[in-house]
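> Using the sequences and the accompanying hints, generate a full structural model.
One point on numbering: in the numbering used here, the residue at position 19 of the sequence shown is 56, and numbering is uninterrupted.
Hints should not be assumed to be uniformly reliable.
With a cut-off of at most 27 angstroms between alpha-carbon atoms, the simulated DSS-like pairs for lysine-lysine come out as follows [said to hold, decoys possible]:
1. 79 / 46
2. 65 / 79
3. 45 / 79
Here are the simulated distance ranges between beta carbons [claimed, not checked]:
4. 62 / 82: 16 to 24 angstroms
5. 57 / 79: 28 to 36 angstroms
6. 65 / 86: 29 to 37 angstroms
7. 46 / 66: 31 to 39 angstroms
8. 59 / 79: 15 to 23 angstroms
9. 76 / 42: 33 to 41 angstroms
10. 68 / 46: 24 to 32 angstroms
Derived from the structure by calculation, the hints contain no laboratory data. Where is the CB? At the ideal position from N, CA and C, for every residue including glycine.
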Amino acid sequence: MATHVPCKKNDASGYVFYVSLVSQADTKIFQANPTYAAGDIKVAVDDGAPA
Numbered sequence: 038m039a040t041h042v043p044c045k046k047n048d049a050s051g052y053v054f055y056v057s058l059v060s061q062a063d064t065k066i067f068q069a070n071p072t073y074a075a076g077d078i079k080v081a082v083d084d085g086a087p088a
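Right, dumping it as structure tokens:
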């Protein structure tokens, strides 16, 4: 069973999130190999502005 211990801030090993993307054509399936273009994804670290 998975543990529910919160991640440590600024830990050298980091933290990994697994995210599934739902198909727009059929919302019952996930995208296996989505293609991303520049600017499609924004990441905010430590409540900062997305970069």
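> The structure should be examined with respect to each hint, and the outcome stated for every one.
Structure-based check of all given hints:
no.: 1; hint: 79 / 46; verdict: 20 angstroms, holds
no.: 2; hint: 65 / 79; verdict: 25 angstroms, holds
no.: 3; hint: 45 / 79; verdict: 22 angstroms, holds
no.: 4; hint: 62 / 82: 16 to 24 angstroms; verdict: 33 angstroms, violated
no.: 5; hint: 57 / 79: 28 to 36 angstroms; verdict: 18 angstroms, violated
no.: 6; hint: 65 / 86: 29 to 37 angstroms; verdict: 35 angstroms, holds
no.: 7; hint: 46 / 66: 31 to 39 angstroms; verdict: 35 angstroms, holds
no.: 8; hint: 59 / 79: 15 to 23 angstroms; verdict: 19 angstroms, holds
no.: 9; hint: 76 / 42: 33 to 41 angstroms; verdict: 34 angstroms, holds
no.: 10; hint: 68 / 46: 24 to 32 angstroms; verdict: 31 angstroms, holds
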